[in-house]
Structures are given as C-alpha cells and as structure tokens.
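Produce the entire structure from the sequences given, and follow the hints as far as they go.
The primary structure of each chain is shown beneath.
2 protein chains.
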Amino acid sequence: MNAFVPTARSKVKRLSERGNYDRQAVYAVVDAGLVAHVGYTIDGQPYVTPTVHWRHGDTLFWHGSAASRMLQTVAGCVPACVTVTHIDGVVLARSGFHSSINYRSAMCFGRAEAIRDPKAKEQALEAFVERLTPGRWAELRPVAAQELKGTLVVGMTIEEASVKTRSGGPKDDAEDYAMPIWAGVVPLRLTADAPVPDTKLNPGVMLPDSVAAMVAALKHPPGRSPC
Amino acid sequence: MNAFVPTARSKVKRLSERGNYDRQAVYAVVDAGLVAHVGYTIDGQPYVTPTVHWRHGDTLFWHGSAASRMLQTVAGCVPACVTVTHIDGVVLARSGFHSSINYRSAMCFGRAEAIRDPKAKEQALEAFVERLTPGRWAELRPVAAQELKGTLVVGMTIEEASVKTRSGGPKDDAEDYAMPIWAGVVPLRLTADAPVPDTKLNPGVMLPDSVAAMVAALKHPPGRSPC
Chain A
654 MNAFVPTARS KVKRLSERGN YDRQAVYAVV DAGLVAHVGY TIDGQPYVTP
704 TVHWRHGDTL FWHGSAASRM LQTVAGCVPA CVTVTHIDGV VLARSGFHSS
754 INYRSAMCFG RAEAIRDPKA KEQALEAFVE RLTPGRWAEL RPVAAQELKG
804 TLVVGMTIEE ASVKTRSGGP KDDAEDYAMP IWAGVVPLRL TADAPVPDTK
854 LNPGVMLPDS VAAMVAALKH PPGRSPC
Chain B
654 MNAFVPTARS KVKRLSERGN YDRQAVYAVV DAGLVAHVGY TIDGQPYVTP
704 TVHWRHGDTL FWHGSAASRM LQTVAGCVPA CVTVTHIDGV VLARSGFHSS
754 INYRSAMCFG RAEAIRDPKA KEQALEAFVE RLTPGRWAEL RPVAAQELKG
804 TLVVGMTIEE ASVKTRSGGP KDDAEDYAMP IWAGVVPLRL TADAPVPDTK
854 LNPGVMLPDS VAAMVAALKH PPGRSPC
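For the protein sequence lines, the chains are A and B, in the order given.
Residues 654 to 880, numbered by the working numbering, are exactly what the first sequence covers, in order.
Residues 654 to 880, numbered by the working numbering, are exactly what the second sequence covers, in order.
Treat identical chains as interchangeable: a pair holds within one or across any two.
Once the Cα atoms are required to be at most 25 Å apart in a straight line, the calculated BS3-like pairs of lysine-lysine come out as:
hint, residue 1, residue 2
1, 824, 666
2, 817, 664
3, 772, 802
4, 774, 802
5, 666, 817
6, 666, 774
7, 774, 824
8, 824, 853
9, 666, 802
10, 802, 824
It should be emphasised that the hints constitute simulated quantities derived from the structure, not laboratory data.
Here it is, written out as structure tokens:
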C-alpha cells in the first residue's frame, strides 16, 4: 500500500492534476513542516489551532499542556483534520485570474488518541526533539515525572490524506503573452537566522551540532520545490 | 470597541497571559500573513484548507474557483474559523519541557457569505492584489466577465477573535541555569528571494515597483517580533 486510498473526503476536486495520494508524497510535505494546523469541532463550531508536529510511519503526533482544550478535544477520538502547508512563492501572471501561489499542502484525516503509557509518551517526545535537533535529547536535562504528567501527547493514524501542490511559472492565456506586463515568480521560503544565545548562557557553552543541524536544515528545507 | 469581546469560544485558556483580543493586535497578525487556514465542517468532519486572504475592517476575505468545495461550504453562512500563524523562532531551553516556539497566531470566528454583486466582487479582488502588490491592479490585463463568474469571493465578518503570541528567550527552571547546556533562540522568518522572470517575458519589460514592493515587504515582514 504505497498510496492512501482517497474517498470523497480527501479526493482533490479542483485542479485534480495537482493532487497526489502517495504515502511518500504525503510524508515529504508533512516532514518538511515545522507546524501543522489541527482542525476539530466543538458543538458544531470548527476550530483551527497551530501546533508543532512529528510523524512515525502513518501516525502523526502533536503535544502540549494536559489542560489544552484542543488536545483534550482531539484526544477524544473525534474526527480531526491536520494540514501542513508550505508557501513556495507568489506567481505573478499577466492577469489577476492566472496569478497564483506556489505551495505544497498535505491534508490528513483521522482520529487522535492520547498516548497514556509514560514510557511511550517519553519516547514520542524524544522522537520529536530528535527530529528537529538530532542529538539534543541526550544533551537536555532529563524529563521530570511531573512534567510528563502535565504533558498530553496525541497520536493520529492517518486514515486518508492528500497532497496538493503548485509549482513553476505563470500559465497565462495565449493572447496575454504579447502584453507588456511583467510576469514571473517571487520565491518564498522559511529561513533560519543565526542562533541567538540565551543571555543567561553559561560562559563557554558552545552551540551544539544538534542545533547547528536544525539551522542548516531550515536554511535548505528538504523537499522544497524549485520555482 | 477597540477589542473583540471573547466568549468561551475565543478566550485563551492555556497561558492566558499570551492572549490578546485587541482589534489592532488581531489586524496586525492577520495582515502580516500571506496565507490563512480555514476550518469548516462537512457532516461532522472538520476540514482545514490553506488559502490566501485579505482584510477590510472587521471583514476577512478569501477566494478561489466557484467549484471549490471549501468555498461552496463556507459561503453557506456556516460557522467557520480562520487562523493566521507566523513562526518566529525555535526556543531551545535546557529542558525539553521548556523548549518552545516563538509565534504569533490569530484565530478568527464568524460566518462567511459569498460576495455576489460583480462590482463588489471585482473591488474585493482589486483590494487583494493591491494589498500584496500595490499598483499592480492597473498594470494587469483587466478581469474578463467570464473569469469573474468563475471566481467565488467570500467575506467573513469577524464575530470574535484572539491573538496568541510567544516571544523572547527560553524560560528555564531556576536550578537548570547552572547546567552546561546550550540554550537560546533560532529566529525564523518567511523570506523572499530575487524575483524569477517568466521565460516567456516580453523583452524589455522591467520588474515593476508593485512587485518590488512585495519583495521588500516580505524581506522585512511588518509586525515581526524580535527574538
């Protein structure tokens, strides 16, 4: 099963040639993102909450305070939607109609549940830290039992998912190319600036490889489409 | 009325000191964003769809194909949630527990409806183009009636909204400061690279001020919090 099987829920309707259900395509967009937007419903009212996420196989994880309304809600195994979006550029065509955005977006559907076993919870948090900053878990002060208790980690098996992307330059109407209008793409990317050490940093503590690796990865985000 | 009045729906529960309901704070986060995530529900299933947005007063606008499921759904005056998020940095504390993200996020609630009057629709689209690229509307090939017909523009009056932000360095437990662990912030920002002209650009057409202004704004996004 190398692709998710779309139903009416995840099938890309508009510009269906931009849609992709391959697992690897979904994973690539999800993994290249730092933040996901989690959709859930309380009493008929939809909510969209941003959160950092990570993935293992077909399971998406996110976490936060055990008192979080978002986490308490989604942990109840209710239908959820987790969307990860990258903005790769503004496409400036010769008409407003054909102007567009270059993007990669993954929409994942499923039901989340709380990871209750403390050992599994701690392993999930370790996977999160290691995904962002490989090697940092061992550098950090160990997790206290009280902290683990106050943290809610949820996992959502992706039942179905789709990726939608646009890349490349403007596609104008044939007769518009003759017009003296500038057209092209302004590439956009999330970029990291130089790390800013804490003002209370102990003298002599150097930037570790774990953090340097994250900065390097964010300077050249994996899976970014060329414009 | 300089602030939105929060109800249980928009009141920031967790870390309530990070919450803000001032109109100007909401506007600043919304306007600094290129993309919003729109939450809506179909048959009990929440969906989160990314889209470009713009704002006039308390009204949020977004648009797309008249065939879009998202737009057809939200235009039905159903409860919606529109969230705009900026990721300003990764906060690396001396413990995993206090590690965090610097962010600004606005969550807006309301019900959208279609802008049906062609004149109002065109004016809304002009406002969108002018927000991103001031002066470009006049440069573009005019909108065709057929294009306007195929475009669905929705407007959502913000009934209530909240902004949540985190900025600054790590806040560690007092006893952890003595540990020889690197701590600090890796600042992040969405940045524009040099515009890439369309390969079919007419010779002699120069980059207009409208596009240059967008590139400059994205290089120094307004409202970005210092780290």
